[in-house]
Amino acid sequence: MIRSLPNSPLYKAGYRLYALLFFIFLLIPLIAVVVLAFNDSNFIALPWKGFTLDWFFANNNERIGLFADENLVQSIWISVQTAFAMALFSTAIGTIAALLFEQEKFRFKGLLYFFAIAPLVIPGVILGISILLSSTYVGGILETKYGIDAEFFSPGFWLVVFGQFSFGATYVMLLVSARLKKFDPTLEEAALSLKATRLQSIWYVTVPFLKPAIIGAFVVAFLMSFSNFNTTIFLVGSDPTLPVDLYSRIKFSSTPVLNAVSFVIVLFITVVAVINLILNRNK
Amino acid sequence: MGNILEIKDLSKHFDDFIAVDQVTLNVKEGEFVSILGPSGCGKTTLLRIIAGFLKESVGDIFIRDESMKGISPEDRPVNIVFQSLALFPMMDVYENVAFGLKRKKLSKEEVAERVNDMLTRVGLLGFEKKRINELSGGQKQRVAIARSLVMKPSILLLDEPLSALDRKLREHMKVELKELQREIGTTFIYITHDQSEALVMSDRVAVMNKGFLEQVDTPHNLYNHPRTGFVAGFVGENNKFIITDKSDDTITTDGGWELTKPGLDFVPTVMFMRPEAFILQPDEHMQDVVRFEPTIKTILFDGANTKMSVMLKSGDEILISLPQNAKFQGLKEGDTIQIGVAYDNIKCYKE
Amino acid sequence: MKSSKKAFYFLIIPVLLWLILLIIIPHIDLFVSSFKAENDAGVMVWSLSNYASFFQDQIYWLTFVNTAVYAIGVTILAFVVTFPIAFYLTKVVSRKYASFLMLLLLIPLWIGELVTIYGWVIILGDHGVINEFLIWIGVIDTPFRLLYTNVSMTIGLLYMSMLFMIIPVMTTLESLDDSMIEAASDLGASKWTIFRRIIIPHAMPGITNGAIIVFMLVIGDYVAPNILGGKSSLWFTEQIYNQFLMTFNWNTGAAFGFLLLMLSSAVIWMALKLSGQKLDKVGQ
Chain U
262 MIRSLPNSPL YKAGYRLYAL LFFIFLLIPL IAVVVLAFND SNFIALPWKG
312 FTLDWFFANN NERIGLFADE NLVQSIWISV QTAFAMALFS TAIGTIAALL
362 FEQEKFRFKG LLYFFAIAPL VIPGVILGIS ILLSSTYVGG ILETKYGIDA
412 EFFSPGFWLV VFGQFSFGAT YVMLLVSARL KKFDPTLEEA ALSLKATRLQ
462 SIWYVTVPFL KPAIIGAFVV AFLMSFSNFN TTIFLVGSDP TLPVDLYSRI
512 KFSSTPVLNA VSFVIVLFIT VVAVINLILN RNK
Chain S
14 MGNILEIKDL SKHFDDFIAV DQVTLNVKEG EFVSILGPSG CGKTTLLRII
64 AGFLKESVGD IFIRDESMKG ISPEDRPVNI VFQSLALFPM MDVYENVAFG
114 LKRKKLSKEE VAERVNDMLT RVGLLGFEKK RINELSGGQK QRVAIARSLV
164 MKPSILLLDE PLSALDRKLR EHMKVELKEL QREIGTTFIY ITHDQSEALV
214 MSDRVAVMNK GFLEQVDTPH NLYNHPRTGF VAGFVGENNK FIITDKSDDT
264 ITTDGGWELT KPGLDFVPTV MFMRPEAFIL QPDEHMQDVV RFEPTIKTIL
314 FDGANTKMSV MLKSGDEILI SLPQNAKFQG LKEGDTIQIG VAYDNIKCYK
364 E
Chain C
49 MKSSKKAFYF LIIPVLLWLI LLIIIPHIDL FVSSFKAEND AGVMVWSLSN
99 YASFFQDQIY WLTFVNTAVY AIGVTILAFV VTFPIAFYLT KVVSRKYASF
149 LMLLLLIPLW IGELVTIYGW VIILGDHGVI NEFLIWIGVI DTPFRLLYTN
199 VSMTIGLLYM SMLFMIIPVM TTLESLDDSM IEAASDLGAS KWTIFRRIII
249 PHAMPGITNG AIIVFMLVIG DYVAPNILGG KSSLWFTEQI YNQFLMTFNW
299 NTGAAFGFLL LMLSSAVIWM ALKLSGQKLD KVGQ
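Chains as they are written, first to last, in our numbering: chain U, 262 to 544; chain S, 14 to 364; chain C, 49 to 332.
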């Protein structure tokens with residue numbers, strides 16, 4: 262069982278084996294994808310036919326590598342933009358929400374808080390379709406009654422951003438709240454007594470204190486947006502995000518370029534994780 | 014009139030008790046006034062009401078003849094030094110002290126001028142770039158005060174600012190604060206439970222107990238002419254006795270000690286005598302003196318502050334100052350000694 | 049205006065906009081839309097036909113039930129598979145090693161469903177890692193059908209929900225005092241007894257939280273059942289997807305969505321009631 266209890270070597274070995282198997286189970290899809298990104302073959306899986314960088318760089322009749330595939334590169338870029346915009350909104354509103362619920366008193370606060378954490382327990386699919394329904398409805402009215410061509414309200418970049426932001430703000434709010442709870446309230450009182458307005462005291466005193474949490478939350482929101490499918494699929498227009506593009510390719514036209522893309526994503530995330538580890542070690 | 018602060022009949026009720034009970038207090042400009050009382054007496058509550066962080070239930074506060082009803086902290090001409098100091102950890106010394114000035118949208122040069130002037134006054138010139146966690150307790154103290162004083166408030170409120178410091182530093186800061194206040198001339202309202210702080214620094218002291226102001230007076234009067242039993246027992250050291258009986262000019266303690274105290278027109282319940290009020294081996298011709306001959310129980314040596322604990326036949330125990338001169342050098346525990354105390358130094362109260 | 053009032057409006061207005069426009073109104077619309085349908089004249093009217101077709105068409109409610117049952121199964125499976133690991137990371141391994149392993153757990157989460165599910169396609173496919181390996185060592189001659197089965201779908205669902213069971217469980221296990229286990233052992237309790245009577249009860253809040261999140265993620269998942277499941281995989285979220293993006297029967301889709309939401313909420317409410325907790329969970 263635990264370290265301090267005596268355990269038979271068989272038990273210990275068995276446990277360790279189980280843990281090992283588990284982590285193999287965890288990592289094997291990633292390893293497979295990463296390795297096969299360099300497979301000199303026109304098919305996504307085995308057998309292994311030699312090492313090549315074709316699936317990254319080739320641009321010929323047979324093979325179109327990642328960097329030559331305009332659509333794929335475009336969808337990566339769209340994902341980056343979407344994630345950035347969504348993270349920006351989520352961090353801003355999520356932080357404001359954290360301040361609101363931790364520091365203000367008002368009627369119906371409990372009810373409002375319920376709605377604020379609702380996205381945690383509502384499946385992404387539902388968030389997606391409900392936003393699609395209501396925005397189409399509003400967009401339709403704007404067009405027919407007022408003749409306004411409301412781009413925001415039909416599937417496209419901004420609808421995806423707002424759809425993802427609907428739950429992104431919740432996660433940011435929770436992350437920032439955790440840090441806000443540790444804030445010494447007399448610091449704000451000191452600022453007020455020094456004639457700062459409440460907004461100034463929030464900006465100059467509270468927000469700098471929250472900075473680490475805000476930055477962390479931004480990164481979390483960015484990653485959540487980048488990898489999101491369930492909500493995004495209903496809100497995309499003609500320009501797909503990377504997950505949506507990958508989905509249609511996996512279903513209908515898979516070439517090893519998918520391995521190459523996956524490799525890039527795995528690399529990117531691993532780098533982010535390592536940076537995160539180093540930063541946390543320094544604390 | 015010239016009162017910079019007028020508190021009129023101020024009360025604060027919470028659900029189950031009264032924190033501040035009909036407090037009336039007038040403070041003149043430039044005064045150093047302390048509010049002295051034990052923990053939980055309501056002094057911090059009163060301070061927060063003056064600062065604007067808490068709303069009064071009844072009554073009003075006037076600063077320079079203007080009512081402060083409904084005015085939020087950032088709009089009142091007061092500044093407060095918190096007990097925890099509340100220095101901003103993410104800013105250095107300069108930014109902390111400059112914080113309030115920057116909110117007033119002064120020019121960069123003016124801010125720099127006033128900050129440097131104030132840092133010089135508190136002896137921290139050169140510390141501008143230091144981070145808060147690099148400072149000692151006394152230095153943090155001074156930054157907190159500088160930060161508030163640089164705002165040139167009408168009134169500076171201080172909430173037990175010296176409580177976190179060690180004894181020697183506290184003694185030093187008492188003098189520093191007093192001199193700083195004299196020099197700058199700002200009205201100080203100082204909250205403390207330490208009566209020696211209050212007595213040393215203040216022009217006047219308001220003694221507070223259970224939300225109520227027992228006496229507002231100069232330190233000298235509080236010490237020598239306490240008006241209630243609470244003040245007598247709280248300010249300075251004092252011997253307290255319970256009085257159970259009075260007939261004519263004789264009062265009796267609960268230990269059975271009978272003594273003469275003429276001129277009382279009420280039946281007292283407590284009696285106080287200061288340790289230094291006792292006369293050792295009084296001359297036989299002295300008038301208006303109560304005499305008794307107790308046994309010395311313990312001698313508590315403390316340099317100039319030495320006292321001895323003596324016991325009467327009635328069982329009452331009294332703490333008496335023992336001057337450290339050659340005359341009383343030979344006294345030891347177990348000896349009996351003649352003691353006298355003047356009628357005037359016997360303070361009686363009806364609690 | 050007092051600065052504190054001004055600040056209050058500054059804080060509450062964006063939050064109200066967020067919640068009203070993106071959460072409250074859309075879900076009201078979802079509810080309302082599910083009760084509308086086109087009548088024979090092509091006009092939108094109030095109707096229960098969307099719900100009627102759900103109950104009447106066997107494939108719909110069968111899929112619904114299948115999804116719910118599967119989700120419960122995956123949740124239990126997630127618990128069984130990951131609990132030893134959660135315990136391992138909190139109680140057995142040293143701190144440093146544990147935080148490294150935790151990071152390893154987070155990486156697949158950040159990489160996203162698409163890539164990880166795709167990875168499983170590569171592994172389970174006819175020319176996938178497993179099959180090629182088995183052929184290579186000579187155990188089988190022709191590829192074994194692994195992909196597009198319920199097994200592969202279950203693996204995919206399990207894979208993407210494991211982490212959400214581990215984290216809450218780890219959080220509660222961390223607060224379990226080692227000395228309690230030692231004391232029980234000292235009093236002669238067997239490992240199984242300690243597990244049943246001390247560890248599990250203590251970890252219950254975490255297990256409940258984890259189960260809620262896993263259940264909700266699984267019933268709402270699309271990618272794993274769609275890519276890894278076969279044609280016979282009955283998955284309700286696919287039905288919703290079809291209504292919205294294939295047949296454009298948005299109102300029927302809304303009804304289905306609403307039913308899914310009700311299922312999810314009902315299970316969550318029940319789980320919370322059973323464990324006596326409130327809706328105060330932290331995401332990460």
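Note that these hints are calculated values from the structure, not bench results.
Just so it is clear, CB atoms sit at the ideal spot from N, CA and C, and this is done for glycine as well.
Errors might be hidden in some of the hints.
Every beta carbon over 12 Å from chain C, so not counted as near; a handful from chain U, in silico [said to hold, decoys possible]:
no.: 1; residue: LEU314
no.: 2; residue: PHE328
no.: 3; residue: PHE367
no.: 4; residue: GLY408
no.: 5; residue: LEU484
no.: 6; residue: VAL525
Below, a list of computed lysine-lysine pairs in the DSS-like style, where the Cα atoms sit at most 25 Å apart [unchecked claim]:
no.: 7; chain 1: S; residue 1: LYS115; chain 2: C; residue 2: LYS50
no.: 8; chain 1: S; residue 1: LYS153; chain 2: S; residue 2: LYS191
no.: 9; chain 1: C; residue 1: LYS53; chain 2: S; residue 2: LYS68
no.: 10; chain 1: S; residue 1: LYS153; chain 2: S; residue 2: LYS117
no.: 11; chain 1: C; residue 1: LYS53; chain 2: S; residue 2: LYS82
no.: 12; chain 1: C; residue 1: LYS321; chain 2: U; residue 2: LYS472
no.: 13; chain 1: U; residue 1: LYS366; chain 2: C; residue 2: LYS53
no.: 14; chain 1: C; residue 1: LYS139; chain 2: U; residue 2: LYS273
no.: 15; chain 1: S; residue 1: LYS142; chain 2: U; residue 2: LYS472
no.: 16; chain 1: C; residue 1: LYS50; chain 2: S; residue 2: LYS118
no.: 17; chain 1: U; residue 1: LYS370; chain 2: C; residue 2: LYS239
no.: 18; chain 1: U; residue 1: LYS366; chain 2: C; residue 2: LYS54
no.: 19; chain 1: U; residue 1: LYS472; chain 2: S; residue 2: LYS143
no.: 20; chain 1: U; residue 1: LYS370; chain 2: C; residue 2: LYS50
no.: 21; chain 1: S; residue 1: LYS82; chain 2: U; residue 2: LYS366
no.: 22; chain 1: U; residue 1: LYS472; chain 2: S; residue 2: LYS82
no.: 23; chain 1: S; residue 1: LYS68; chain 2: C; residue 2: LYS54
no.: 24; chain 1: C; residue 1: LYS54; chain 2: S; residue 2: LYS82
no.: 25; chain 1: S; residue 1: LYS153; chain 2: U; residue 2: LYS443
no.: 26; chain 1: U; residue 1: LYS442; chain 2: C; residue 2: LYS139
no.: 27; chain 1: U; residue 1: LYS273; chain 2: C; residue 2: LYS239
no.: 28; chain 1: S; residue 1: LYS82; chain 2: C; residue 2: LYS50
no.: 29; chain 1: C; residue 1: LYS50; chain 2: S; residue 2: LYS68
no.: 30; chain 1: C; residue 1: LYS53; chain 2: S; residue 2: LYS115
no.: 31; chain 1: C; residue 1: LYS321; chain 2: U; residue 2: LYS273
no.: 32; chain 1: S; residue 1: LYS117; chain 2: C; residue 2: LYS50
no.: 33; chain 1: U; residue 1: LYS370; chain 2: C; residue 2: LYS144
no.: 34; chain 1: S; residue 1: LYS142; chain 2: U; residue 2: LYS366
Subject >> Index of numbered hints that the structure contradicts, given in increasing order >> reply: Result: hints 3, 5, 6, 12, 17, 22, 26, 31, 33, 34 break, sorted rising.
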